[in-house]
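Asker: Chains as they are written, first to last, in my numbering: chain A, 139 to 657; chain B, 19 to 325.
Calculated directly from the structure, the hints in this document are not laboratory data. Ideal Cβ placement from N, Cα and C applies to all residues, glycine included. Misleading hints may appear alongside valid ones.
Claimed, not checked - Derived CB-CB ranges, DEER-like:
| hint | chain 1 | residue 1 | chain 2 | residue 2 | range |
| --- | --- | --- | --- | --- | --- |
| 1 | B | Asp311 | A | Ser178 | 35 to 43 Å |
| 2 | B | Ser63 | A | Val224 | 26 to 34 Å |
| 3 | B | Ile312 | A | Asn317 | 17 to 25 Å |
| 4 | A | Ser644 | B | Leu151 | 19 to 27 Å |
| 5 | B | Ile48 | A | Tyr570 | 20 to 28 Å |
| 6 | B | Gly74 | A | Glu219 | 43 to 51 Å |
| 7 | A | Pro453 | B | Gly74 | 42 to 50 Å |
| 8 | B | Leu91 | A | Leu502 | 36 to 44 Å |
| 9 | A | Pro281 | B | Thr301 | 53 to 61 Å |
Said to hold, decoys possible - Here are some of the chain A residues that sit facing chain B, going by a computed Cβ distance under 7 Å:
| hint | residue |
| --- | --- |
| 10 | Glu177 |
| 11 | Lys243 |
| 12 | Ala247 |
| 13 | Gly372 |
| 14 | Tyr570 |
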Amino acid sequence: MKFKPFFLLVFAWVWVSLAACLPSPRPDRPAGYLVIALESNPTHLDPRYATDANSVRIGGLIFNALTHTDQHARLQPELAERWEAVDERTYLFHLKKGVTFHDGKPLTAADVKFTYESVLDPRNRSPKRATLRLLKAVDAIGPYQVRFRLSAPYAPFLENSTFGIVPTGTPSHGASGENSLIGSGPFSLEQFSPGEKVVLKANPSYWGGQPGLSGLVFKMIPDAIVRSLEFKKGTVDFIQNDIEPDNLIWFKKNTNASILTQQGTIFQYLGMNLDHPILKILEVRQAIAYAIDREAIIRHLLKGLATPATGLLSPSHWAYERSVPRLPYDPEEAKRLLDHAGFPDPDGDGPLPRFKLSYKTTTLDLRRRIAEAFKEQLSRVGIELEVRTYEWGTFYGDIQKGNFHLYSLSWVGITDPDIYFNLFHSSSIVPYGNNRGRYRNPEIDRLLERGRNSLSPEERKQIYSQVQKILAVELPTIPLWWAKNVVLMKRNIEGFVPFPDGDLISLKNVSIASPLPPS
Amino acid sequence: MKRYFTNRLLLFVPTLMGSLTLVFFLIHFIPGDPVEVMLGETASSVDKEALRQELGLNQPLGIQYIRFFSALLQGDLGRSLYEQGAVAELILSRFPATMELTLAAMGIALFVAFPLGILAAVKKNSLMDRIALLFSLLGLAMPNFWLGPLLMIIFSIELGWLPVSGREGLAHLILPSFTLGMLMASILIRMVRSSLLETIHEDYIQTARAKGLSEWRVWLKHALGNSLLSVITIVGLQFGALLAGSIITETIFAWPGIGRLTIQAIQTRDYPLVQGCVLVISTSYLVVNFLTDILYHLADPRVSYGP
Numbered sequence: 139m140k141f142k143p144f145f146l147l148v149f150a151w152v153w154v155s156l157a158a159c160l161p162s163p164r165p166d167r168p169a170g171y172l173v174i175a176l177e178s179n180p181t182h183l184d185p186r187y188a189t190d191a192n193s194v195r196i197g198g199l200i201f202n203a204l205t206h207t208d209q210h211a212r213l214q215p216e217l218a219e220r221w222e223a224v225d226e227r228t229y230l231f232h233l234k235k236g237v238t239f240h241d242g243k244p245l246t247a248a249d250v251k252f253t254y255e256s257v258l259d260p261r262n263r264s265p266k267r268a269t270l271r272l273l274k275a276v277d278a279i280g281p282y283q284v285r286f287r288l289s290a291p292y293a294p295f296l297e298n299s300t301f302g303i304v305p306t307g308t309p310s311h312g313a314s315g316e317n318s319l320i321g322s323g324p325f326s327l328e329q330f331s332p333g334e335k336v337v338l339k340a341n342p343s344y345w346g347g348q349p350g351l352s353g354l355v356f357k358m359i360p361d362a363i364v365r366s367l368e369f370k371k372g373t374v375d376f377i378q379n380d381i382e383p384d385n386l387i388w389f390k391k392n393t394n395a396s397i398l399t400q401q402g403t404i405f406q407y408l409g410m411n412l413d414h415p416i417l418k419i420l421e422v423r424q425a426i427a428y429a430i431d432r433e434a435i436i437r438h439l440l441k442g443l444a445t446p447a448t449g450l451l452s453p454s455h456w457a458y459e460r461s462v463p464r465l466p467y468d469p470e471e472a473k474r475l476l477d478h479a480g481f482p483d484p485d486g487d488g489p490l491p492r493f494k495l496s497y498k499t500t501t502l503d504l505r506r507r508i509a510e511a512f513k514e515q516l517s518r519v520g521i522e523l524e525v526r527t528y529e530w531g532t533f534y535g536d537i538q539k540g541n542f543h544l545y546s547l548s549w550v551g552i553t554d555p556d557i558y559f560n561l562f563h564s565s566s567i568v569p570y571g572n573n574r575g576r577y578r579n580p581e582i583d584r585l586l587e588r589g590r591n592s593l594s595p596e597e598r599k600q601i602y603s604q605v606q607k608i609l610a611v612e613l614p615t616i617p618l619w620w621a622k623n624v625v626l627m628k629r630n631i632e633g634f635v636p637f638p639d640g641d642l643i644s645l646k647n648v649s650i651a652s653p654l655p656p657s
Numbered sequence: 019m020k021r022y023f024t025n026r027l028l029l030f031v032p033t034l035m036g037s038l039t040l041v042f043f044l045i046h047f048i049p050g051d052p053v054e055v056m057l058g059e060t061a062s063s064v065d066k067e068a069l070r071q072e073l074g075l076n077q078p079l080g081i082q083y084i085r086f087f088s089a090l091l092q093g094d095l096g097r098s099l100y101e102q103g104a105v106a107e108l109i110l111s112r113f114p115a116t117m118e119l120t121l122a123a124m125g126i127a128l129f130v131a132f133p134l135g136i137l138a139a140v141k142k143n144s145l146m147d148r149i150a151l152l153f154s155l156l157g158l159a160m161p162n163f164w165l166g167p168l169l170m171i172i173f174s175i176e177l178g179w180l181p182v183s184g185r186e187g188l189a190h191l192i193l194p195s196f197t198l199g200m201l202m203a204s205i206l207i208r209m210v211r212s213s214l215l216e217t218i219h220e221d222y223i224q225t226a227r228a229k230g231l232s233e234w235r236v237w238l239k240h241a242l243g244n245s246l247l248s249v250i251t252i253v254g255l256q257f258g259a260l261l262a263g264s265i266i267t268e269t270i271f272a273w274p275g276i277g278r279l280t281i282q283a284i285q286t287r288d289y290p291l292v293q294g295c296v297l298v299i300s301t302s303y304l305v306v307n308f309l310t311d312i313l314y315h316l317a318d319p320r321v322s323y324g325p
């Protein structure tokens, strides 16, 4: 009987593991809840820490901010009834009365003051502290008036009125304490299991009216195929953007999903190192822009889920400038520009290139395929592209240091056009900002400084219009495309309105018409 | 024997220190900056520098190494840079899920592999043997990222018997543990079969047969018991590998385990969290190996552990 103890151990093993997995008392989908699949985990629901898109979007359902941006990136009242610029350094916000937190306590100016001061406190390590660097003081003037005083005029400051307000005394201990977060939004936090799911419950006493759903379940499903299968089975009701372009055709054929596509604001661009002896020549940058066939990449690789871009701001933005020079696909023009720039093709259609450049990208499948398309398209005009793929952390580290020839990334969540300052002002050259390509243009510097100091929306629109025109000619980065938002939902879901920036706030108005069988 | 086990336990410390040291330097040497991830793209270089100073990330690596180990000796794994919570808490919240999956996968592998391996050996070159070997070959040839979705399509979508992904209850455990257990079962089937076939020609087996014992009794009691040593070695090694390496299965089945946490920590250059995950994985590996040694003795008391 030598092996008996071994088998006993095995039996014990299996029973322990089975006992550990007794069904959880909480059902997968409580009645009246909408299940939404997400690709990545929201890291922090606390609005003082939320920076990733999913955290911001889910946080927007739990918390209210003083203002929110509309579909044109214009600020609209939320907790603030109205606001005014007392002078160029002082803003006064008048709060709505009768707003309460989920625990029934009233939301007052003291809570607004607490939220902003706790972001400013360096001990709390809030990633949003940098955006408030010109904020000198926040004063509660009575229960429903808040005054913000700045140390210098700064028009984009109002953008900071869009992050959520937490009740006075909310600890800032991060993820581990985030199951007890209280807001004033249409949904309250019921459960936050990092890496697994976030469950929100409808707030019946929401000041803006009771939501149409009993609650929301955000399920983290990292794999694209599995998200599709969950939708097909009927265990997921709603997916926004976390859909691989290739899978969209499958959805159309195999499910009866309602599919909405809408122009989004996510901007994809080709970044270039302007300190590179070849890339600093304008004609080379223009030639690269002419050599890239954006339409073909959008059609074949992105399955139509993007629109060729002319610049950072999308057409829905209030400061968008329509009349900028466009660079269509024109390989012959690209060749002519390269010849003129002093880089003739050494052997015509032969294998020798005019010059070589490297292109850095991540290991994601779609990114690698786009890189291969760039390689092929640039080779047609005689530029040899060496594609180098890196794990995200290494790739991003290199880009932030300015260690690259060419790379491609996207900008998400563009609101105020002052973002141009961070990307193209000479004082923002890495590591001091995100001018990773090291672009220097005194005229752009002057315009961007004026843009952030002017409080007149009309004047700002004119300034940023000039900025867009100059950048479209100078091409410090090559605009590629604006991604479209794709929403996939069951047909019985009513009332969802997609936002260009992917905001999910309209989920508060969503209702389920009648139960449907699995798609 | 007591001395042997004491020595093995004492060896835990240098082994753990070695693996933690190696990972500490590797993760610090690869490019990437946790402060960039923590503060986001809008942060000023002054703020980034201040945070680096506060976290001690601008100190010489040697000093950071000493600080890490002195905190560890006081039982402090530190706080995650990205997730903000305590590393120990984060790991504790994920470890049960990984343990559950590993144990279930192991259970499935053993229950599939032993009967099939024994049958294949007893009925060598028969149809049964060929079926068992084919099953094993298929298991080895099918990668998890393919087998997982295939099982989902069959059992969740077409038949509708099981949930697709997530971790809600017993039903959710079946597909991921089968996906993970399949590869291990495939290796074990071949191990059990070949060990049994080696043992069956030993003299004491002939003696057992001469005593008039039934053929099944000879195989199960005399041959299997003595061929277990090599099987236990593989099981022990595989168990450790499963604890550390079920990342793909965890990702496919949206299983909130430690594998996904480790990958995320590496991607965000969350140094304390990477160290914490490595500590847990290394400790689990060592404990499993230690238990394997005890099992050796249980399986065959002739195995001694020195004076």
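Asker: Output the numbers, in ascending order, of every earlier hint that fails for this structure.
Answerer: Going through the list in order, the structure violates hints 3, 4, 10, 11, 12, 13 and respects the others.
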